[in-house]
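Residue numbers (numbering that gives the first Met the number 0), protein chains in the order written: chain A, 0 to 289; chain B, 0 to 312.
Since the hints were made in silico from the structure, they are not lab data. Where hints are given, some of them may not hold.
Derived Cβ-Cβ restraints for the label pairs, each shown as a range [said to hold, decoys possible]:
(1) A:G122 <-> B:P44: 45 to 51 angstroms
(2) A:R194 <-> B:A9: 31 to 37 angstroms
(3) A:D52 <-> B:D271: 34 to 40 angstroms
(4) A:P64 <-> B:S125: 38 to 44 angstroms
Every residue, glycine too, gets a C-beta built ideally from N, C-alpha and C.
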Amino acid sequence: MTAGIFDTTSTGAGERPWRLALRRLARRRMALVGLAVVVFFIAVAAPLLAPYDPLATDWRAVRKPPSPLHLFGTDELGRDVLARLIWGARSSLMAGLVSVSIAVGVSVPLGLVSGYLSGAVDGLLMRMIDAMLAIPFLILAIPLAAFLGPNLTNAMIAIGIAQTPIFTRLTRGQVLAVKHEDYIEAARAVGNSHRRIVLRHILPNVLAPILVQATLAIAAAIIAEAALSFLGLGQQPPAPSWGSMLNSATHFIAQEPWMAVWPGLAIFSLVLSFNLLGDGLRDALDPRGG
Amino acid sequence: MATFLLRRLALVLPTLFFVSVLVFGLQQLLPGDAALALAGEERDPAVVAFLRQKYHLDDPLPTRYLLWVKGVLAGDLGESIRIKRPVRDLVLEKLPVTAELAALAIVIALSIGLPMGILAAVKNDSAVDYAATMVALWGRSIPNFWLGILLILLFSVEWGLLPASGFVSPAESLSRNLATLIMPAFVLGNAIAAVMMRHTRSAMLEVLSSDYVRTARAKGLSETRVVLHHALRNALVPVITLGALEFGELLSGAVLTEQVFTIPGFGKLIVDAVFNRDYAVVQGVVLCTALAFILLNLFADVAYALVNPRLRG
Chain A
0 MTAGIFDTTS TGAGERPWRL ALRRLARRRM ALVGLAVVVF FIAVAAPLLA PYDPLATDWR
60 AVRKPPSPLH LFGTDELGRD VLARLIWGAR SSLMAGLVSV SIAVGVSVPL GLVSGYLSGA
120 VDGLLMRMID AMLAIPFLIL AIPLAAFLGP NLTNAMIAIG IAQTPIFTRL TRGQVLAVKH
180 EDYIEAARAV GNSHRRIVLR HILPNVLAPI LVQATLAIAA AIIAEAALSF LGLGQQPPAP
240 SWGSMLNSAT HFIAQEPWMA VWPGLAIFSL VLSFNLLGDG LRDALDPRGG
Chain B
0 MATFLLRRLA LVLPTLFFVS VLVFGLQQLL PGDAALALAG EERDPAVVAF LRQKYHLDDP
60 LPTRYLLWVK GVLAGDLGES IRIKRPVRDL VLEKLPVTAE LAALAIVIAL SIGLPMGILA
120 AVKNDSAVDY AATMVALWGR SIPNFWLGIL LILLFSVEWG LLPASGFVSP AESLSRNLAT
180 LIMPAFVLGN AIAAVMMRHT RSAMLEVLSS DYVRTARAKG LSETRVVLHH ALRNALVPVI
240 TLGALEFGEL LSGAVLTEQV FTIPGFGKLI VDAVFNRDYA VVQGVVLCTA LAFILLNLFA
300 DVAYALVNPR LRG
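Isolated chain B, as found in the complex:
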């Protein structure tokens, strides 16, 4: 197990290096002089010169990269030129909002995707299977920002049941917090549910035809017990590890969903930063999401290896 862990960690380091190069390089795509862009409308030569020195803009590219990495490793992600606050604080402030939204979305995705996948596998090639496949296809094809607009139209504009936008922190009022998050969480969860359903269905189909399930049936156990106790437990392993890969999908979706429902999370932070040309914030958000993705997949791989001894080798 130790060698597996070491090998897996050895893969993470070069990946992290390339992520840092990519994130740093993103800013180099910008046309024009960064100091002029930062100096604002007046472009006072003294200010430009100061900024040039402050951000080491006259240094060669590798030096600037190393300085940037040094800062990042010390926890310094730069400062937002718009809000004049450290990027790290902004990220830490917005992170819980998106994390709550994502967690709710996953709960919704699992509670739709798992039962549907199990049913589709148990009733393979039946009308139920066909219907579940259709629902999954719908989940994959509907643009989440449009689904969000339709839900607002129905639940906020027509029926007046839920707030159309905004966010209330759970500390302030849990019920209002849930009321503001339930629609966006459903929009996000809907797409993931389709993927979960497909994974669950194929994993269950494979497990249901295995020897130990046949043995469990031969013992005379009830079908419910065979499916839920013997089959599902083993089918869940690939579903959960594959689910970790959906984290990226979740964050991509959150960008638009937060925009539609005006939720002040990670996604809204990056879109606002892009439009405000607040590059340090853009870099910070991209770097943090990549880091989270790499760590999550590392955990998923380790968890998978823990339950599947054949992979440890």
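Looking at chain A on its own, in the form it has when it is part of the complex:
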């Protein structure tokens, strides 16, 4: 009864839906490349791999171009750029995962309630969501992050809140799509409680699109965190973050252009990977797909 969204696929010998999705995902090369890069970043984020202390300044090696000693060069305080990139990966990944977890944690219950109950509760909630959607993502996240106080935790909260309306809308839409399916009617007919119907029968069947959206939202959250740090509203110095590295690089763009290349490339490749993974997941979880 919990296989609704996958029901339409002809899987042959009753393969379990998540295994089927994984098998399909494994066939998509670009998604695997994305996954590999994400895993690489998580692995590389291990501080053991950093060649230097990311906070150690060296006044004799200020803004040095890439060399065998400092593979990606040094920054304006003589800190090793590679070490800061590796440590910065942690805050970027954490920002992506935590802020999307906040968004999903708040909005999935809201979407479930809104879609299942309909009526006045749904109407009221949706107008609130409309209001939040009317304020562009960063225009909401910037004052939130600033007013809560500029640091990484508050930036993650701000991004999470700004992403909430999208997930609430998505969950609600999915609930509306499945709540009149036969298996839900059947669950109701045999006397299941509302709580059990929502949690055991509806939730598992609306998870697939939420998972896809979450992967893509991580990509957006990583860019958003970098943007907030770039503006000085995210991770605060001297802690390394890709956004603030990019910001300080802009001051030396004419003399040391390479300083702006590495952090941007790091953000781009991590975001691209989550986008590839999200696209691959969407294809793999699409019941119409082959």
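Following the hints, position chain B against chain A.
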């Protein structure tokens, strides 16, 4: 049609109410006493007391909300504590700059996204389709502030072709105005182009397999005429209405792009206001963008209903 319009308008009013609550509530997040923050370094008790009275800080929250809404409805968005000017004037002053940037960005997005989407749909599952999808993926993944920095590096620092920052009004010199805006507009348009391409591609794929396109082909019309005249015209409808939703993306992007290229628009106004703790300006900008977004989507929905009679019901 009248009932559709009324129903749609009825949805806007509660949304506007919640927007106002949200914007008003944003300021309540601030820790500490607003009067002390406004009074500056000296914190003269007389000044604090005056500010407390002026901004009704001793009144209960609902009263302050109602007073604020009353002011907003009369066109009073408060005063900037930093520049000592009405927020409304600041907004009206910066709006044309961002509007021009956004308009240029949309022109760029359409001129990249539309042809790419059409080509990808016509040559479905070919190398062209694959390449277009890759370009769209790049557009979605590249942080626009980094792309801006790279463009400055190339076109301003290396080749010296374009100014790296600043803004010249079109009234002063149109050519210099375009020179200052072309890079930021491309940066903004690039991300929207990716979305436009995806929308165009899927809308075209759907339309191209429809009966009337088959009929047009059966009549012996040239493929170019079928694609551009019969298919595209119908595919454009969802592309344009979905495009209205990208307005928010455009404004979010403008915040960073204006920061990178030092363009004195809406985005720079809100970032500067946030750092100067100029809360009335922050509130004003957030409120105006939300209002613009709601109105734009209302227009898009009405336009969609006008061309699609099934939705009027």
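Hint check results:
1. A:G122 <-> B:P44: 45 to 51 angstroms: Hint holds: Cβ distance 48 angstroms, inside 45 to 51 angstroms.
2. A:R194 <-> B:A9: 31 to 37 angstroms: Given about 33 angstroms between the Cβ atoms, the range holds.
3. A:D52 <-> B:D271: 34 to 40 angstroms: Holds - the Cβ-Cβ distance for A:D52 and B:D271, about 35 angstroms, lies within 34 to 40 angstroms.
4. A:P64 <-> B:S125: 38 to 44 angstroms: The hint (38 to 44 angstroms, Cβ to Cβ) holds, given that A:P64 and B:S125 are roughly 43 angstroms apart.
Checked against the numbered hints above, the structure violates none of them.
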